[in-house]
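Asker: Its first residue numbered 9, the sequence shown is counted upward by one per residue in the numbering used here.
Rather than coming from a laboratory, the hints here were simulated on the basis of the structure. Note that CB positions come from ideal geometry on N, CA and C, so glycine has one too. Check before you lean on any hint, since a few could be wrong.
Label pairs and their calculated CB-CB ranges [claimed, not checked]:
1. 159 to 274: 33 to 39 Å
2. 303 to 53: 33 to 39 Å
3. 335 to 54: 57 to 63 Å
4. 85 to 228: 33 to 39 Å
5. 271 to 85: 34 to 40 Å
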Amino acid sequence: MDTIRIFERLITFPTVSRDSNLDLIGYAADLLEASGVACQIVNSADGHKANLFATIGPAGRPGVMLSGHTDVVPIDGQNWTLPPFEMTERDGKLYGRGAADMKGFVASALAACIRASKMALRTPLHLALSYDEEVGCLGVRDLIEMLSAAPQRPRLCIVGEPTNMQVSTGHKGKLAARAVCRGREGHSALAPLALNAIHLGCDFVRALRDEQERLARDGARDGDYDIPYTTVHVGKIDAGVALNIVPNLCQVDFEIRNIAADDAAGILDRLRDAAARIAEDAVSIAAEAAIEIEITNTYPGLDTPAASEAVAFVKSLTGANDTMKVAFGTEGGLFSRDLGTPAVVCGPGSMAQGHKPDEFVSVEQLRRCDGMLDRLLERLTDGWPS
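Turn these sequences into a full structure, and let the hints steer you where they fit.
Answerer: What follows is the structure, encoded as structure tokens:
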């Protein structure tokens with residue numbers, strides 16, 4: 009199966025987000041160009057990474073775009089029993105970092121593009137490969153800017169994140185932020201005369217937990233999600249130099265993952281108000297007391313109507329009767345918001361295997377994905393939508 013051959017090669021590229029993906033992009037471009045498919049490479053500002061965009065079929069009409077990211081999460085601190093950057097096949101499963109998230113789909117999409125190059129498509133097929141998805145859907149924004157200026161935008165997008173080949177119509181949005189808590193340093197023996205920035209940070213974390221409790225109790229609901237309400241989460245706290253020094257700085261990194269019915273900006277405004285009250289109470293101890301909140305990254309949620317043409321079309325390719333929503337974020341929300349291109353998430357494997365040691369995708373899932381894309385090519389050859 010061509011998909012497995014391509015997949016085996018993709019796994020060998022250690023495209024952790026902190027590192028370059030240029031070797032993988034070069035391999036993909038060579039593979040496509042050998043089949044006569046021209047590729048557009050959209051480089052990052054520093055030239056260290058790149059997106060790839062390719063079109064097979066006639067120009068002048070909107071086509072179907074297959075979207076996948078090429079970066080993977082680190083293996084640091086994980087107890088792998090198999091080589092992470094070498095494919096291992098065992099009991100119908102293919103192991104390697106990025107197997108599920110999401111080099112399995114990228115391999116299937118590349119194989120489909122090669123097949124498409126030998127067909128007389130009446131509706132074009134597009135391929136979009138991006139970088140830095142794992143750190144906030146960063147790289148695809150340059151690709152979207154390029155597509156925004158194109159005379160034709162894709163009619164719909166299939167984002168191949170792992171859904172066990174189920175059709176997903178949505179995911180939550182994400183707002184990542186940092187609260188910088190400023191106090192006054194001092195000797196720990198005289199701690200009450202200083203202002204401990206960690207204490208300010210802890211008070212702010214309490215405010216975050218209060219907001220989470222409010223959202224869980226009284227917030228909007230979307231029963232298609234495992235967690236049916238908006239969540240607030242603290243992921244990192246950075247503070248302190250030595251035990252005998254009262255710290256003057258504490259940074260709290262947190263996120264808001266919001267369902268479509270909730271406004272992340274409005275939630276952040278409430279948190280800013282809470283931070284201001286905490287700092288105001290501390291000013292009597294140190295005039296420089298403050299909690300400043302800065303947004304570090306944000307991407308929109310995806311909420312494609314279940315009754316839309318895009319969803320009906322992808323369901324017809326998979327044979328699905330139902331739809332679902334995924335807990336994790338994707339680039340689909342950006343395609344939908346910034347390009348006006350409706351997106352559906354559907355791909356091989358499960359995110360339950362993603363980001364873990366001994367990550368895998370099954371051969372059966374890749375075959376199902378190939379089958380979906382074969383049916384897509386048949387529809388594009390017939391000229392969908394006619």
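Asker: Each hint: holds or not?
Answerer: Here's how the hints hold up against the structure:
A hinted range of 33 to 39 Å holds for the C-beta pair residue 159 and residue 274, which are about 37 Å apart. For the hinted restraint 33 to 39 Å between residue 303 and residue 53, the CB-CB distance of approximately 20 Å leaves it violated. Roughly 32 Å separates the CB atoms of residue 335 and residue 54, a value that falls outside the hinted 57 to 63 Å. A hinted range of 33 to 39 Å for the beta carbons of residue 85 and residue 228 is consistent with their spacing of about 37 Å.
Range check, residue 271 to residue 85: Cβ separation about 36 Å, and the 34 to 40 Å hint holds.
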